[in-house]
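Protein sequence lines correspond, in order, to chains S and E.
Using our numbering, the first residue of the first sequence is number 1, and each one after it goes up by one.
Using our numbering, the first residue of the second sequence is number 1001, and each one after it goes up by one.
Do not rely on the hints blindly, as some may be mistaken.
What the hints assert, rightly or not - Rough simulated footprint, nothing fancy, chain E against chain S, three-plus residues with beta-carbon under 8 Å: (1) 16-29; (2) 52-66; (3) 70-82; (4) 85-94; (5) 97-105.
To be verified - Some, not all, of what chain S presents toward chain E, calculated at C-beta under 8 Å: (6) Met1; (7) Val8; (8) Arg33; (9) Leu34; (10) Thr45; (11) Ile48.
Said to hold, decoys possible - Using C-beta positions, here's what the derived DEER-type ranges look like: (12) Val99(S) - Gln1056(E): 29 to 39 Å; (13) Ile73(S) - Leu1013(E): 23 to 33 Å; (14) Tyr1021(E) - Trp95(S): 14 to 24 Å; (15) Gly1083(E) - Arg26(S): 42 to 52 Å; (16) Tyr1080(E) - Asp29(S): 47 to 57 Å; (17) Ile1005(E) - Arg85(S): 29 to 39 Å; (18) Tyr1080(E) - Asn2(S): 43 to 53 Å.
None of these hints come from the bench; they were simulated from the model.
In this text the structure is predicted, and so the values were computed from the model without any measurement.
Cβ atoms here follow ideal geometry from the backbone N, Cα and C, with glycine treated the same way.
Here is what each chain is made of, one letter per residue.
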Amino acid sequence: MNETVGIVFIVVGLLFDLLGAIGLVRLPDIYNRLQAATKCVTLGTCAILVGILIYRGFDPLGTKALLCAVFIILTSPTGAHAIARGSHISGVRLWEGSVVDRYADARDMPVTSKDTESDTGELRVKEG
Amino acid sequence: MMTLITFGFGVLLISCFLCLYRIGAGPTAPDRTVAIDTLGTLIVGFSCLYALFTGQDFYMNIAIAWALLSFIGTIALAKYLEGRGFHE
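My request is simple: use the sequences and hints to build the entire structure.
Printed below as a string of structure tokens:
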């Protein structure tokens, strides 16, 4: 029973890894590629590790797999966030089909403006 | 089970080659950074599958160390893209 569940987890993880890598190649933009690559590959690798844990139980190999899974879940979104922020600051433009860029609006806006408090989250139209 | 793990090696190698294509052909520097990060995570999965294949648990130590170093490298590259120093 445990072996079957572990094999199912490993197969699902491999499928997510492959789909993430295909998305990394096929999508048009750095931000879309970040979306596909980071989330799919993180989930896929963590599913492989959890599958190894279920397959082997709590022997040294399985315990290290659990430790590695926790570490990847903690670090991979942090790295993706840092890459997205760094690429936006370094001036990489969005894909021409993108409809909204909230981070550019927030960076253009002065910090002490009154619009900051009364922002209701609606789509803001840039002046000029 | 061994057949499944061998199949998994093939799938992960195809994914790694797709990442290598993006490292070579990415038009901007953040594309290459994303591909390097993804390649590190895929290699962690590959090493863990290899630990299950051989039954020896020190390959899992390699996976943990690789995840740590990949995270540090990603953060350093992102700070470099941002154009600031490391003390902020």
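Results of checking the hints against the structure:
1. 16-29: holds (count 7)
2. 52-66: Per the Cβ count (8), the hint holds.
3. 70-82: holds (count 8)
4. 85-94: With 6 residues closer than 8 Å to chain E, the segment 85-94 of chain S meets the three-residue bar; holds.
5. 97-105: It is violated: at least three residues are needed, and the segment 97-105 of chain S offers just 0 whose Cβ sits closer than 8 Å to chain E.
6. Met1: Status violated, d = 15 Å.
7. Val8: violated, 11 Å
8. Arg33: Holds, because the Cβ-Cβ distance from Arg33(S) to chain E comes to roughly 6 Å (cut-off 8 Å).
9. Leu34: Interface hint status for Leu34(S): holds (5 Å vs cutoff 8 Å).
10. Thr45: holds, 4 Å
11. Ile48: holds, 5 Å
12. Val99(S) - Gln1056(E): 29 to 39 Å: violated, 51 Å
13. Ile73(S) - Leu1013(E): 23 to 33 Å: holds, 24 Å
14. Tyr1021(E) - Trp95(S): 14 to 24 Å: Holds - the Cβ-Cβ distance for Tyr1021(E) and Trp95(S), about 19 Å, lies within 14 to 24 Å.
15. Gly1083(E) - Arg26(S): 42 to 52 Å: The hint (42 to 52 Å, Cβ to Cβ) is violated, given that Gly1083(E) and Arg26(S) are roughly 30 Å apart.
16. Tyr1080(E) - Asp29(S): 47 to 57 Å: With a Cβ separation near 21 Å, Tyr1080(E) and Asp29(S) fall outside 47 to 57 Å, so the hint is violated.
17. Ile1005(E) - Arg85(S): 29 to 39 Å: Roughly 38 Å apart at Cβ, these two residues keep to the hinted range, so it holds.
18. Tyr1080(E) - Asn2(S): 43 to 53 Å: holds, 45 Å
When each numbered hint is compared with the structure, violations occur for hints 5, 6, 7, 12, 15, 16.
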